[in-house]
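From first to last, the protein sequence lines stand for chains L and Z.
Per the numbering used here, residue 1 is the first one in the first sequence, and the count goes up by one each step.
Per the numbering used here, residue 1 is the first one in the second sequence, and the count goes up by one each step.
For the record, the hints were derived by calculation from the structure and aren't laboratory data.
There's no promise every hint is true.
[Claimed, not checked] Heads up, simulated SDA-like pairs for lysine to any residue below, C-alpha to C-alpha not over 25 Å straight-line: (1) L/Lys110 to L/Glu162; (2) L/Lys356 to Z/Lys162; (3) Z/Lys72 to L/Arg381; (4) L/Lys393 to Z/Pro312; (5) Z/Lys72 to L/Pro328; (6) Z/Lys25 to L/Ala380; (7) Z/Lys162 to Z/Leu179; (8) Z/Lys74 to L/Asp326; (9) L/Lys46 to L/Thr75; (10) L/Lys403 to L/Gly355; (11) L/Lys175 to L/Pro63; (12) Z/Lys25 to L/Ile8; (13) L/Lys356 to Z/Gly119; (14) Z/Lys25 to L/Glu324; (15) L/Lys393 to Z/Ile11; (16) L/Lys278 to L/His17; (17) L/Lys278 to Z/Ile11; (18) L/Lys123 to L/Glu201; (19) Z/Lys25 to L/Gly325; (20) Z/Lys162 to Z/Phe281; (21) L/Lys30 to L/His17; (22) L/Lys356 to Z/Phe117; (23) L/Lys47 to L/Glu78; (24) L/Lys137 to Z/Ser315; (25) Z/Lys74 to L/Ala380; (26) L/Lys65 to L/Glu219; (27) Z/Lys25 to L/Ile323; (28) L/Lys123 to L/Asn35; (29) Z/Lys25 to L/Ala256; (30) L/Lys30 to L/Glu101; (31) L/Lys137 to L/Ala226; (32) Z/Lys25 to L/Pro328.
[To be verified] Taking CB as the label site, the calculated pair distances span: (33) Z/Arg264 to L/Ala120: 45 to 53 Å; (34) Z/Ser122 to L/Thr405: 38 to 46 Å; (35) L/Asp326 to Z/Phe117: 49 to 57 Å; (36) L/Arg12 to Z/Leu199: 25 to 33 Å; (37) Z/Asp6 to L/Ala120: 42 to 50 Å; (38) L/Lys282 to Z/Leu221: 53 to 61 Å.
Where is the CB? At the ideal position from N, CA and C, for every residue including glycine.
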Amino acid sequence: MKPYMTMIRDPRFRLLHNEERPLGAGPNPKRVRLNREGFTILPGIKKKSLVSPGTRLAVHPSPEKGDLHAPIYGTITEINARSIFVDAVDPAAMEPGAFPEVPAPVDLLKEGKESDELAAAVKAMGVNTRSLGRRTKTLFVNALNPEPGVCWAEPMLTQHAEVIQTGLELLRRLKRAEEIILAVPKGSAARFPGMEMAYVEPMYPNSVNELLIREVTGEEAPPNVAAVGLHNVWSLGRAGVTGLPLTETVITMGTAAHWANLIVKNGSLVGELLDFAKISLKRGDTLLRGGPLRGESLDRLDRSITKGAYGFFVVNAGEVPPIEGDSPCINCGACIQACPMRIDPRMLSRYAEFGKYNMSRPENYRLCVDCGLCGYVCIARRPVLQYIRLAIKKLEEEERLAKLTPIEPVNKPQS
Amino acid sequence: MTTPNDTLLAISTPPFWHCGRTVQKNSLHTLLALAPAALLALLQWGIPAMRVMALAVLACLATEALCQTLMKRKLSQSDGTAAVTGLVLAFLLPASAPWQLVLLASVCALGIGRMAFGGYGSNQVNAALVGWALVFVSFPTFMDASSSLLQTSLPDPLFQIKYFGSAAAENFSLLDLLLGKHLGGLGATQSGALLLGGLYLAARGVIRWEIPFSFLLGVVLASTALHLADSALYAGPGVHLAGGSTVLAAFFLATEDSCCPHRRIPMLLYGLLGGALTVLFRAFGMYSDGAPFAVMLINLLAPQFTLVRTPPFGSRHGKKARSWRKKAAPGALKEGGQV
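I would like the entire structure built from these sequences, with the hints used as guidance.
Structure representation (structure tokens):
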């Protein structure tokens with residue numbers, strides 16, 4: 001009787017797809033758009049500079065954010081406050097020596113660096129280390145597909161076992177946890193020698209880190225336990241195996257009918273990806289970067305797949321009931337029942353709707369794990385998750401401002 | 001590019017997938033679940049029943065439209081919620097109800113019961129019951145099925161057990177009661193058909209099973225307790241379950257989303273109290289059928305039930321942090337095999 005008597009009966013929520021096709025290579029981009037927000041452009045990198053794959057373009061002041069590298073041979077055509085554009089140039093058409101040299105591979109495993117030293121080396125390779133966990137006792141590697149619709153986890157575990165193995169080894173050397181446990185879907189045939197494994201029911205929202213930890217430990221929010229996504233471990237392992245700066249990301253790209261897993265260059269334009277997959281859009285379709293429950297919608301075809309993005313989907317017009325204006329909450333309580341954190345999205349969304357952010361405080365709004373189930377079940381088609389995000393953002397902003405000390409006048413009037 | 005760059009894309013917020021449920025679809029499912037009872041009512045009462053149902057539905061739709069026009073809101077008759085309220089209200093009225101009565105009940109249901117509170121989903125008490133209660137208390141003679149439907153020979157089981165004691169219950173077979181061969185509201189008496197429809201709704205997840213289940217359980221527990229206390233005076237659970245409007249109340253009235261709690265334990269308590277109150281009203285109240293009043297009362301108590309709060313995620317820690325490894329399910333952790 002499990003599938004009956006419940007609101008969520010979506011077979012797509014099962015995160016096991018028996019996907020056996022290998023991770024395909026994405027298109028060779030004609031143009032890439034790299035996100036540079038927060039990055040400092042390196043000296044010598046300017047408009048019309050020629051770049052090679054792996055040429056370092058910019059660094060981030062945060063020690064946990066990977067450096068930015070060019071993914072292709074090309075010319076920088078534009079640098080603005082948000083993006084760096086690189087247009088592809090065929091290296092064979094140019095005279096030798098025109099392009100900067102491709103960096104020599106670095107064998108992170110052989111170098112034997114550990115801990116913070118390794119973290120710095122990994123940052124230089126373009127990998128974000130922030131998402132590789134904080135210091136804790138137990139670290140789970142979340143090897144479930146992060147969201148419904150995304151299906152690269154299985155091929156990654158089986159066909160890219162070497163990359164994952166390398167990633168796990170590097171993760172161990174980062175020394176952020178005393179023990180690392182690989183959490184895989186129940187029934188998975190993936191084997192990694194010397195690795196402790198945990199088995200989790202592959203049903204969304206179990207792939208959300210907090211819930212994955214509960215599934216394995218049987219305890220809600222136990223202390224000294226954290227989780228990292230398989231996608232991040234793959235990125236780490238990719239840099240370790242190739243020895244080159246990370247300029248790719250694995251995405252599941254798809255529509256309701258077709259999907260495929262691709263390794264695409266960082267900064268690939270979504271328009272080029274759509275052409276590559278022979279998908280044509282119609283008026284009213286939605287393009288989304290990330291997963292179907294937690295991603296973001298894109299307004300233009302020249303947006304790009306950024307580092308760390310794990311999905312790119314097209315939701316055709318008419319596939320889901322449209323959101324019509326500002327529909328009021330009808331108190332049906334579906335979100336309350338769906339919420340895995342047992343908070344009250346109904347009231348939270350209403351508080352945010354009317355700007356009463358402070359009223360969210362007693363409702364444990366911070367527990368929200370952004371799983372998107374509240375909006376998924378909302379029969380009034382309210383943007384419940386977005387309202388909660390808004391409240392969190394506003395309250396964080398308020399708290400940040402409250403911590404600042406007000407500026408005293410420099411020249412105090414003498415009294 | 002195969003897609004021109006000026007194609008207008010829809011921007012929205014996550015989640016981009018949806019369960020597909022909408023207010024309109026839920027209303028259609030509810031109407032579908034009410035259909036068997038409506039058909040049986042037509043077979044039993046003929047054109048008069050059709051007249052009451054049609055008038056109630058149309059009057060509810062018109063009242064809602066009128067109120068929304070006056071409130072300068074978008075018309076929402078297409079979502080079907082007013083039609084559901086109208087049909088449920090008609091089910092509570094006798095087939096002989098004069099048109100003025102039906103009209104008054106419908107206008108009050110939608111006008112006072114719903115729109116005065118701000119529209120669908122804002123009312124604290126089931127809208128159909130507000131309309132019903134108003135005419136039931138104001139015009140008891142028209143609402144009394146046994147006095148207004150003189151041409152039938154059908155019995156009123158709740159009336160009989162109230163005034164002739166438990167022995168009267170033996171005059172009714174459970175099958176007859178389920179098939180609607182007794183007096184009461186024109187559709188509310190179709191217990192069997194309503195039960196089927198209600199189970200359909202619960203299976204589809206349109207209503208939550210906890211409420212009808214605990215409501216019926218409350219009826220069984222309370223009537224059994226009374227029956228055990230004095231078996232001559234109080235009838236057993238059978239006639240209480242199938243007679244009167246118990247099934248309609250359990251599946252279609254108590255489950256109105258905006259008037260009930262939404263978490264499991266509060267829902268169970270809410271239903272239990274409703275069921276128990278139904279029997280108590282029937283045994284000790286002044287009216288023979290207490291189910292609608294019981295529902296109105298638990299509707300009003302719903303905010304109190306909501307105070308039974310479920311602790312949020314992570315707040316159920318033991319006093320000392322125990323090692324989760326001892327608690328983890330056996331077999332959940334394994335050493336990876338050799339490749």
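Against the structure, the hints:
{"no.": "1", "hint": "L/Lys110 to L/Glu162", "verdict": "holds, 15 Å"}
{"no.": "2", "hint": "L/Lys356 to Z/Lys162", "verdict": "violated, 52 Å"}
{"no.": "3", "hint": "Z/Lys72 to L/Arg381", "verdict": "holds, 22 Å"}
{"no.": "4", "hint": "L/Lys393 to Z/Pro312", "verdict": "holds, 21 Å"}
{"no.": "5", "hint": "Z/Lys72 to L/Pro328", "verdict": "holds, 15 Å"}
{"no.": "6", "hint": "Z/Lys25 to L/Ala380", "verdict": "holds, 11 Å"}
{"no.": "7", "hint": "Z/Lys162 to Z/Leu179", "verdict": "holds, 22 Å"}
{"no.": "8", "hint": "Z/Lys74 to L/Asp326", "verdict": "holds, 11 Å"}
{"no.": "9", "hint": "L/Lys46 to L/Thr75", "verdict": "holds, 10 Å"}
{"no.": "10", "hint": "L/Lys403 to L/Gly355", "verdict": "holds, 22 Å"}
{"no.": "11", "hint": "L/Lys175 to L/Pro63", "verdict": "holds, 16 Å"}
{"no.": "12", "hint": "Z/Lys25 to L/Ile8", "verdict": "holds, 15 Å"}
{"no.": "13", "hint": "L/Lys356 to Z/Gly119", "verdict": "holds, 22 Å"}
{"no.": "14", "hint": "Z/Lys25 to L/Glu324", "verdict": "holds, 16 Å"}
{"no.": "15", "hint": "L/Lys393 to Z/Ile11", "verdict": "holds, 20 Å"}
{"no.": "16", "hint": "L/Lys278 to L/His17", "verdict": "holds, 23 Å"}
{"no.": "17", "hint": "L/Lys278 to Z/Ile11", "verdict": "holds, 22 Å"}
{"no.": "18", "hint": "L/Lys123 to L/Glu201", "verdict": "violated, 34 Å"}
{"no.": "19", "hint": "Z/Lys25 to L/Gly325", "verdict": "holds, 19 Å"}
{"no.": "20", "hint": "Z/Lys162 to Z/Phe281", "verdict": "holds, 10 Å"}
{"no.": "21", "hint": "L/Lys30 to L/His17", "verdict": "violated, 32 Å"}
{"no.": "22", "hint": "L/Lys356 to Z/Phe117", "verdict": "holds, 21 Å"}
{"no.": "23", "hint": "L/Lys47 to L/Glu78", "verdict": "holds, 6 Å"}
{"no.": "24", "hint": "L/Lys137 to Z/Ser315", "verdict": "holds, 21 Å"}
{"no.": "25", "hint": "Z/Lys74 to L/Ala380", "verdict": "holds, 15 Å"}
{"no.": "26", "hint": "L/Lys65 to L/Glu219", "verdict": "violated, 31 Å"}
{"no.": "27", "hint": "Z/Lys25 to L/Ile323", "verdict": "holds, 15 Å"}
{"no.": "28", "hint": "L/Lys123 to L/Asn35", "verdict": "holds, 16 Å"}
{"no.": "29", "hint": "Z/Lys25 to L/Ala256", "verdict": "holds, 22 Å"}
{"no.": "30", "hint": "L/Lys30 to L/Glu101", "verdict": "holds, 20 Å"}
{"no.": "31", "hint": "L/Lys137 to L/Ala226", "verdict": "holds, 8 Å"}
{"no.": "32", "hint": "Z/Lys25 to L/Pro328", "verdict": "holds, 17 Å"}
{"no.": "33", "hint": "Z/Arg264 to L/Ala120: 45 to 53 Å", "verdict": "holds, 50 Å"}
{"no.": "34", "hint": "Z/Ser122 to L/Thr405: 38 to 46 Å", "verdict": "holds, 45 Å"}
{"no.": "35", "hint": "L/Asp326 to Z/Phe117: 49 to 57 Å", "verdict": "violated, 19 Å"}
{"no.": "36", "hint": "L/Arg12 to Z/Leu199: 25 to 33 Å", "verdict": "holds, 27 Å"}
{"no.": "37", "hint": "Z/Asp6 to L/Ala120: 42 to 50 Å", "verdict": "holds, 45 Å"}
{"no.": "38", "hint": "L/Lys282 to Z/Leu221: 53 to 61 Å", "verdict": "holds, 58 Å"}
The structure shown violates the earlier hints numbered 2, 18, 21, 26 and 35.
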